[in-house]
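K.L.:
Two chains, two separate frames, one set of hints: put the complex together.
Spelled out, the chains give:
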Amino acid sequence: MGTASRRQEFLSGMRDESPILLGVIPFGMIFGALAITSGLSTLAAQAMSSVVFAGSAQFIAAQLLGADTSGIVILMVVFVVNLRHLLYSASVAPHVEGLRPGWKLMLAYLLTDEAYAVTIAHYTSQGDARARHWYFLGAGLTLWVSWQLSTAVGIFIGAQIPRSWPLGFVLPITFIALVVPGLKDGASVAAAVIAGALGLAVGGLPYKTGIIVAALVGILVGMLVEGRKR
Amino acid sequence: MNPWLTMILAGLLTYGIRLSFIALRGRITVPDWFQRALRFVPAAVLSAIIVPGLFDRAGTLDFSVRNPQLWAGILAIAVAWRTKNVLLTIAAGMLALLALQLILG
Numbered sequence: 001m002g003t004a005s006r007r008q009e010f011l012s013g014m015r016d017e018s019p020i021l022l023g024v025i026p027f028g029m030i031f032g033a034l035a036i037t038s039g040l041s042t043l044a045a046q047a048m049s050s051v052v053f054a055g056s057a058q059f060i061a062a063q064l065l066g067a068d069t070s071g072i073v074i075l076m077v078v079f080v081v082n083l084r085h086l087l088y089s090a091s092v093a094p095h096v097e098g099l100r101p102g103w104k105l106m107l108a109y110l111l112t113d114e115a116y117a118v119t120i121a122h123y124t125s126q127g128d129a130r131a132r133h134w135y136f137l138g139a140g141l142t143l144w145v146s147w148q149l150s151t152a153v154g155i156f157i158g159a160q161i162p163r164s165w166p167l168g169f170v171l172p173i174t175f176i177a178l179v180v181p182g183l184k185d186g187a188s189v190a191a192a193v194i195a196g197a198l199g200l201a202v203g204g205l206p207y208k209t210g211i212i213v214a215a216l217v218g219i220l221v222g223m224l225v226e227g228r229k230r
Numbered sequence: 001m002n003p004w005l006t007m008i009l010a011g012l013l014t015y016g017i018r019l020s021f022i023a024l025r026g027r028i029t030v031p032d033w034f035q036r037a038l039r040f041v042p043a044a045v046l047s048a049i050i051v052p053g054l055f056d057r058a059g060t061l062d063f064s065v066r067n068p069q070l071w072a073g074i075l076a077i078a079v080a081w082r083t084k085n086v087l088l089t090i091a092a093g094m095l096a097l098l099a100l101q102l103i104l105g
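Chains as they are written, first to last, in our numbering: chain C, 1 to 230; chain F, 1 to 105.
No lab work stands behind these hints, which were simulated from the structure alone.
Some hints here could point you the wrong way.
Listed below are several chain C residues computed to face chain F (Cβ distance under 7 Å; list not exhaustive) [unchecked claim]: (1) Ile74; (2) Val96; (3) Trp103; (4) Lys104; (5) Ser188; (6) Leu224.
Virtual Cβ for every residue (Gly too), placed ideally from N, Cα, C.
Just chain F, same shape as in the assembly (with noise of 0.2 Å):
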């Protein structure tokens, strides 16, 4: 398949998927189980997201004491907690990521 038709198929794909239920609703009953779980989305699908994300450094898991990420996650996990500011997690994460990567090496 030429790259470029691949491209776009791989956007109308993303797209279709993006639309769907926006485009579905009003058409179809959706059940009241169904609702209620939509709240914990957001919460469970980011957090399938980042956990791994923590322990994956270039691709294999490191599950050891001395990996920066883990320490610094944690301290991004703590600022976000406490100051609910997504800007101050952010740079609180990754400059203890940058001087954990300096100590631990």
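In isolation and in its complexed conformation, chain C is listed as follows (with noise of 0.2 Å):
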């Protein structure tokens, strides 16, 4: 395998992230100014984006922290957030089997929704697989990078992001870029639109657990509706 086929799997990783900066950027922004406003001082609110880096769980940790809940609290609600980040291990984890540990370690690390929804497309598509995993690494820092700077301007330009700006949809919007072109056949359209439409009416179940009870049941249907026409 030579150099020419990682740096170019690199500059792919890349270059299929960029377009969905356009909804991290305002994103990062939102956290960096809502963490200052929550009371957090600028040096912990810029280390959270690395240390943590998770957006929603990085929005409601901010908030809680600001609030004075017990760190526990904090904790099991990270934890609850982030479960969703199990499904994405599990489902990465065959592409990166052989690599070495400290491969797995950074690439674990950069293993974000939107870094994983771009890079298992990739994995699941045609082609050579050997140096895929510079691909991850390429999409995994391009957001890397982006939800840091974009951090550090929010914490900058702090409480004058307007509050009208519907930013709580960016993030739905980038999502739908993701996922609807890979909804290739009946199986997968089920699963989304059941996880989706259960989504919403186990909504209410505190700290988003709602969304594994959903995701959940979208991928047993999923899996029913593939095995029904075997």
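P.N.:
Have a look at this one:
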């Protein structure tokens, strides 16, 4: 395997991740601003973006820290909100199985929603599979750098971000762009529709536990639809 | 608990979740049905975040036809379906939302 294909994979990962930044950058800016208004220090707000590096969990953790919530409660909430990453980890595991431990440790750190969605689509596409961890690294690092910089901008401009900005909407739109092109058969459409409908129905469950319940049922329905065709 | 300690533990917890299966793979045997289930992970997890997000307006669910997020979301789904272009989908969705907010108020 040549250096050329590694570089090509790395650059492809960067390229495919970059349109998503249109959604990620405003989200990071809002986090920076929100963390400061919640009472976190500039340093703590910036550090959270690399220490935790998980958008939704950071939003909730910053607000809870600002409200003097007990540490144990915050950890429980972060655990539940990030539990979906367990599914991502299981999903990419077969593709990174042969890599050295150092690679696995690094790629696990970069396993966010946005890097996962782009990378898994690449892993399951046709072509030479040997250099694809470089694609993962390219996509993951692009997201990481953007997240750090947009957090810093958010901290800097702080409360100047208008409250009327519909920023809660950036995330669902970004995910639509990532999910819809991958719906290539009835089984995956069924999984998406059921998980989406259930996500709404059980959305009232505390701290996003509904996402996990809805996703598991969606996965089950997808498998049942797939099984019928066999 | 000190806020810094809480943050560091939250980071370790998140990292542990992300590393879990990546590290365990090869040491534990995964059943066949589990392998088949993984294909549906992206569509199921992200859809479970998308749909509530279309109805959630500043913390309350808005099921009315005057909810601009709903229409912008439907447009984004159509654009994503036809073009498979990420940038175009996000841009269309956000522009549609801004325009609809002006019209629907």
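K.L.:
Could you run down the list of hints and mark each one as holding or not?
P.N.:
The hints, checked one at a time:
1. Ile74: Holds. Min distance 5 Å.
2. Val96: Nearest chain F Cβ about 6 Å off; hint holds.
3. Trp103: Where the cut-off is 7 Å and the nearest Cβ of chain F is about 10 Å from Trp103(C), the hint is violated.
4. Lys104: 5 Å, holds
5. Ser188: At 5 Å from the nearest chain F Cβ, Ser188(C) passes the 7 Å test, so the hint holds.
6. Leu224: 11 Å, violated
The earlier numbered hints that this structure contradicts are 3, 6.
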